[in-house]
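A.B. asks: Sequence:
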Amino acid sequence: MPRFEQMDAASVLKLIQEDKAVLLDIRTPTEILEREIPDSVLLPFDLISPERIKSLVGEDKKAVFVCRSGSRAMQAAEAVSGLVDVAVLDGGIVAWSEKGLPVNEGPKRIPLDRQVLIAVGSLLLFTLFLMYTVSTKFIVLVGFFGAAMIFAGVTGSCGMARILLLMPWNKSPLCTSASCGATPKNL
Numbered sequence: 140m141p142r143f144e145q146m147d148a149a150s151v152l153k154l155i156q157e158d159k160a161v162l163l164d165i166r167t168p169t170e171i172l173e174r175e176i177p178d179s180v181l182l183p184f185d186l187i188s189p190e191r192i193k194s195l196v197g198e199d200k201k202a203v204f205v206c207r208s209g210s211r212a213m214q215a216a217e218a219v220s221g222l223v224d225v226a227v228l229d230g231g232i233v234a235w236s237e238k239g240l241p242v243n244e245g246p247k248r249i250p251l252d253r254q255v256l257i258a259v260g261s262l263l264l265f266t267l268f269l270m271y272t273v274s275t276k277f278i279v280l281v282g283f284f285g286a287a288m289i290f291a292g293v294t295g296s297c298g299m300a301r302i303l304l305l306m307p308w309n310k311s312p313l314c315t316s317a318s319c320g321a322t323p324k325n326l
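Under the numbering used here, think of the first position of the sequence shown as 140, with each following residue one higher.
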């Protein structure tokens, strides 16, 4: 039985307006650039800890996790429930916007997972071209890309995604203000 509350969008909005809760957006910076709830605080999923939550929210407020549809937020809440006062926005930002509540819309971007697929597919096609025109020894690269994808699938850590996050189109100005829970001082 989970030790956290699942709250609908109207209930979360009421708590925020009463200054009894802080909305912690645990999505990736790329997702947040596309659409965000005003005054939510960025706290990427992999940086969640009870200490960081307490420093962002304080002792007297409830931390409400939000993601796209609610499943990542439930995982995060399960990880820290019992240690801090947490809740989950049921249905995530999708449910929030379906209720007509305010969201800041940004430019549409290609999601990082699709960027990885495009990059790997392009590299494989280029390798095929090299095998055909230069040398069949380039088949080693196909094995390397395959092994890298298996490693990413097994460990959840994708080197290609990390490289793509450094590209200018994936850069974000998000963590330049006080509203970011991932600033260098508290990493």
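Please keep in mind that the hints were generated in silico from the structure rather than gathered at the bench. Small disclaimer: the values here were computed from a predicted structure and weren't measured. Among the hints, a few may not be true.
Listed next, the in silico DSSO-like pairs over lysine-lysine satisfying Cα-Cα at most 30 Å (straight line) [said to hold, decoys possible]:
id: 1; residue 1: 238; residue 2: 159
id: 2; residue 1: 276; residue 2: 247
id: 3; residue 1: 193; residue 2: 310
id: 4; residue 1: 159; residue 2: 201
id: 5; residue 1: 276; residue 2: 238
id: 6; residue 1: 159; residue 2: 200
id: 7; residue 1: 238; residue 2: 153
id: 8; residue 1: 193; residue 2: 159
id: 9; residue 1: 200; residue 2: 153
id: 10; residue 1: 200; residue 2: 238
id: 11; residue 1: 193; residue 2: 276
So the derived label-pair ranges between C-beta atoms look like this [claimed, not checked]:
id: 12; residue 1: 221; residue 2: 186; range: 29 to 37 Å
id: 13; residue 1: 197; residue 2: 293; range: 32 to 40 Å
id: 14; residue 1: 245; residue 2: 198; range: 16 to 24 Å
id: 15; residue 1: 276; residue 2: 144; range: 58 to 66 Å
id: 16; residue 1: 302; residue 2: 217; range: 53 to 61 Å
id: 17; residue 1: 217; residue 2: 276; range: 22 to 30 Å
id: 18; residue 1: 145; residue 2: 301; range: 13 to 21 Å
Even for Gly, the Cβ is constructed at its ideal location relative to N, Cα and C.
A.B. asks: Next step is simple, just say for each hint if it's right about the structure.
C.D. replies: Okay, the hints, checked on the actual structure:
Pair hint residue 238 plus residue 159 holds up; C-alpha atoms about 21 Å apart against a cutoff of 30 Å. Between residue 276 and residue 247, the direct Cα distance comes to roughly 40 Å. Violation of the 30 Å bound is thereby established for this hinted pair. Only pairs whose Cα atoms come within 30 Å are accepted, and residue 193 paired with residue 310 is accepted, the gap being roughly 28 Å. As the CA atoms of residue 159 and residue 201 are separated by approximately 6 Å, the hinted pair is consistent with the 30 Å bound.
For the hint linking residue 276 to residue 238, the alpha-carbon distance of about 57 Å lies beyond 30 Å, and the restraint is violated. A threshold of 30 Å between alpha carbons decides the hint, and for residue 159 with residue 200 the separation of about 5 Å falls inside it, so the pair holds. Annotation: proposed proximity of residue 238 to residue 153 holds, straight-line Cα distance about 14 Å (limit 30 Å). For the proposed pair residue 193 and residue 159, the alpha carbon gap of about 14 Å is at most 30 Å, so the pair holds.
About 13 Å separates the Cα atoms of residue 200 and residue 153, which keeps this hinted pair within 30 Å; it holds. Between residue 200 and residue 238 the alpha-carbon distance is near 24 Å, which keeps this suggested pair within the 30 Å criterion. Taking the CA atoms of residue 193 and residue 276, the gap is about 55 Å. The hint is violated against a cut of 30 Å. Taking 29 to 37 Å as the suggested C-beta distance range, the pair residue 221 and residue 186 does not conform, at roughly 19 Å.
Restraint check, residue 197 to residue 293: a C-beta distance of roughly 39 Å satisfies the suggested window 32 to 40 Å. Range check, residue 245 to residue 198: about 33 Å between beta-carbon atoms, so the 16 to 24 Å window is missed. A hinted range of 58 to 66 Å holds for the C-beta pair residue 276 and residue 144, which are about 59 Å apart. The beta-carbon spacing between residue 302 and residue 217, approximately 31 Å, falls outside the hinted interval of 53 to 61 Å.
Separated by about 49 Å at the C-beta atoms, residue 217 and residue 276 break the suggested range of 22 to 30 Å. For the pair residue 145 and residue 301, the beta carbons lie near 32 Å from each other, so the given range of 13 to 21 Å is not met.
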